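A.B. asks: Residue numbers (the numbering used here), protein chains in the order written: chain A, 1 to 272; chain B, 273 to 855.
Hint data in this document are derived by calculation from the structure and do not stem from the laboratory. Each hint should be verified, as a subset may be incorrect.
What the hints assert, rightly or not - In silico PhoX-like pairs for lysine-lysine, Cα to Cα no more than 20 Å straight-line: (1) B:Lys301 to A:Lys261; (2) A:Lys167 to B:Lys301; (3) A:Lys263 to B:Lys362; (4) B:Lys406 to A:Lys10; (5) A:Lys10 to B:Lys400; (6) B:Lys732 to B:Lys751.
Said to hold, decoys possible - Simulated DEER-style distance windows between Cβ atoms: (7) B:Asp381 to A:Leu65: 37 to 43 Å; (8) A:Val249 to B:Asp487: 55 to 61 Å; (9) B:Arg296 to A:Ala177: 47 to 53 Å; (10) B:Ser408 to A:Pro29: 50 to 56 Å; (11) A:Pro144 to B:Asn401: 46 to 52 Å; (12) A:Trp168 to B:Glu360: 23 to 29 Å; (13) A:Ser27 to B:Ser408: 35 to 41 Å; (14) B:Ser408 to A:Pro144: 26 to 32 Å; (15) A:His2 to B:Asn401: 43 to 49 Å; (16) A:Phe199 to B:Asp381: 48 to 54 Å.
What the hints assert, rightly or not - Over the 12 Å line for every Cβ pair with chain B, so calculated as not near, a few chain A residues: (17) Val19; (18) Ile24; (19) Asn92; (20) Val195; (21) Pro229.
Given the structure is predicted, the values throughout are model-derived calculations rather than measurements. The beta carbon of each residue, even a glycine, is placed where N, CA and C say it ideally should be.
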Amino acid sequence: MHILQEIYSKRYLIRELVVKDLKIRYSRPLLGFLWAFLSPMLIVLIFYLVFSLFLQVRIKEAPFLLYLMTGVFSWRFFQDSLISSTTSLIDNKNLIRESSFPYYFIPLSIVFANGIIFLPCLGILIVTSLFYLRGLPLYIVLLPIVLAIHLTLAIGMSLIFSILYVKWRDIKYILEALLPILFYLTPAFYSIYLVKDRFAHLLFSVYMSNPFVGILNLYRLAILKGFYPLIKEDISLLSLVIVASSFAVILLLLGFYFYKKNKNTINDYLSY
Amino acid sequence: MTTSLTKVAENNYNMPTNKVIELRQAGKKYPFVKQADKKLRDDFSGLWALKDVTLDVYNGEILGIIGRNGAGKTTLLNIIAGVISATEGKVYMNGRVLGLFNLGVGFQDELTGRENIFLNGAIMGATKNELENKLSSIVEFSELGNFIDMPLGTYSQGMRLRLGFSIIVNLDFEILVIDEVLAVGDILFQHKCFERLMDFRRAKKALVITSQSMDLIERICDKVALLDHGKLLFQGNVTEGINKYRALLNSNKFFVGPDQRDMDLVENTKKWADDTSNWDKELGTKEVAIEKVELINRFGCKCSRIKSAEPLKIKVYFKAKNSVKEPHFGIAIFRNDGVYCYGPNTKFDGYKIPELKQGKGYFVLDYPKLLLAPGEYRISVAIWDKFETLAYNYHAGYYKLTVIGKYNGGNELLNMPFSLYPRNYLNFKRKYADGIDLSLLNDKWENKFETEQINAESVKLLNFLDEEKDIFITNKTVKLIVNFNKLIDCRKNYSFWIGLYRDDGVYCQGIIPALNRGKSFKIAFPKLPLLPGGYRISLGIWDMRMQKFIMYHHAVYPFRMVFNRADHGTVYLEHRWKWGMIE
């Protein structure tokens, strides 16, 4: 509660930090903010070429392009947030040493900044889906909840990794190695049924308990018309929400526990 | 707006309302996590960047923190600003703290000056409204003009200082902390900063600054704290603190670990000099090096023994590596057990040496009469800088001197001239003195022992105007009058003894008038040369047959000496300085 109060009372500082992050990122490039869409779109394009045209991957749940876009966009948001916030305390050590403000604002603001970049991507996705599938599912009302879960998860993990990184600089490389694995473990460009057919029941449950699988499916369910009816018999909405949200809450609490524990000492490790 | 630390202070602790910073035994130890070299790791793991610092700062005070590089100044500032937390001890702040640390810290090169104002201000805890209201005064104070809309990467150090300083001084705070940055600004801006800082002082805000510019510290601070190796060596008066810091600069190597003796030197040069364990040691920057020291007796010959109360010249040869402006010479004499006899220097004597040119030279200290009692002595020789704080070369207790004379049984220190009245008492026989065993008085300080037969009725000290006093001026006449209740017949193997002691128990001089008979004795010191401090008078009557005192008043009569000038030691000895260069 104290933390929520703090966030609310210092919302202006968070806003400034978010603006600073965006400005630093997009004020110098010629194409500016356009890169926020361009880079994920380019990835989608490459994946589409490789998987759909060359490898002839076909998916029954949804059109492959839309399936790919939901996967790549939401993953990009998560990955960018995590990677840049992991090093953020060190990157911004000058800010932290300047004044005694709550330093978790820094990873927090980076996740928010990435969220802001993610929003227009989401808009493009919804518009594309609207035209491609001639309509949106009713589940779109769930979209804010899905976003909230996703954001919470990203904040929790960013906080944990950013604090760990200050003391343990290997984290960055471990993360760089693990994130692609995690990406391939989520059904970004392959059907869940591919996994279900291969894996035994127990193993599939383990696979499904990956919060990113849950979040990705929730995005699809909320945006892609006709997605949920197709998978309804195998995967329930409730289980998706519960798995993802409980993960998100636990990681967030863990993150703040970490913060509280290291609050007073972190500055000693920032110098070098 | 306040830091969490502040909140603790406000809720659980009641400080006096005018006290804004309170540190109690605060210490800081940085974690040195990874060091490949195990030895290095061990060396540093026990390193306290700050240790046992107790400090108070009140409203409207400017505290300057001085010390060498790495002494812990920035750590202390960071703790005060709440940026880092103390490992041990207690830290209380009363009010909002703002800090201006390294230049450009917290600034983003990609953002413009204006954007940085908002970001920086927000980090400092200001609200949007506050910043928007103050924006124009910040920009105006910084005098950056159109540069305010240029990215900060295009700014010079001085411009960054202008921006940083303008932001913090325009925000609200109770405590302001500034680390070594003001020197970057040009003279006009510095002047403006000082004016603003003075405004803050008038507005009863507390300021804490560090600087290597003693000039600046002297100009604006109300008090200073001197740090070295994380320890607070001194806190208080600015001039005194700066002098101590200059003295600290003596030890030319710094990162070799704290040497307790160096610190003692800072705390009390005299005490350090008194410490016989420092003898035979050498100190200083050696810009001027002492090459040879000669002791010369009254015949002009080199010697190591002279007779008590005879002339002594101490001639010191030195070599100056570079030319040195306004140096000072000092020579101190100690008794072999460390008692400081006398340490004159050219600074105290107001003797000016305009410049030592590069090359060889000498100086001479000439004592027409060395009023020291027979015994073994040590001599320290020093060449100091203008302020007598930085030693160019200091030979502590290097040189030995033996004073010979009549047998010195009671371990006297001095041989001061005196006269006894009436005149016919003026033949004192030392052999009587030899018999008195003063060790019997060892634990009788301030004790009286009397028998019914003989008693001292009155003991009076008179100044040169024959007024009874207990404070006297060095080098003026002092008379001592002792009256007994009956005649003392010293032919019956009695000795009458008078002892002069320093307050700390050092036996200065004993007087045994070999009188025949008498009831009243008068002793006059035509020029009592004792240096400022407290002294005691003892008297006693010794029975030579029984080998004991039949009465004594040991250290019962106190008096003080004052002097109209500064001097070190126990006794003032007439002296002259002379110096020259050797072509």
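A.B. asks: Under the constraints set out in the numbered hints, which ones does this structure not fulfil?
C.D. replies: Hints 10, 11, 13, 14, 15, 17, 18, 19 contradicted; others consistent.
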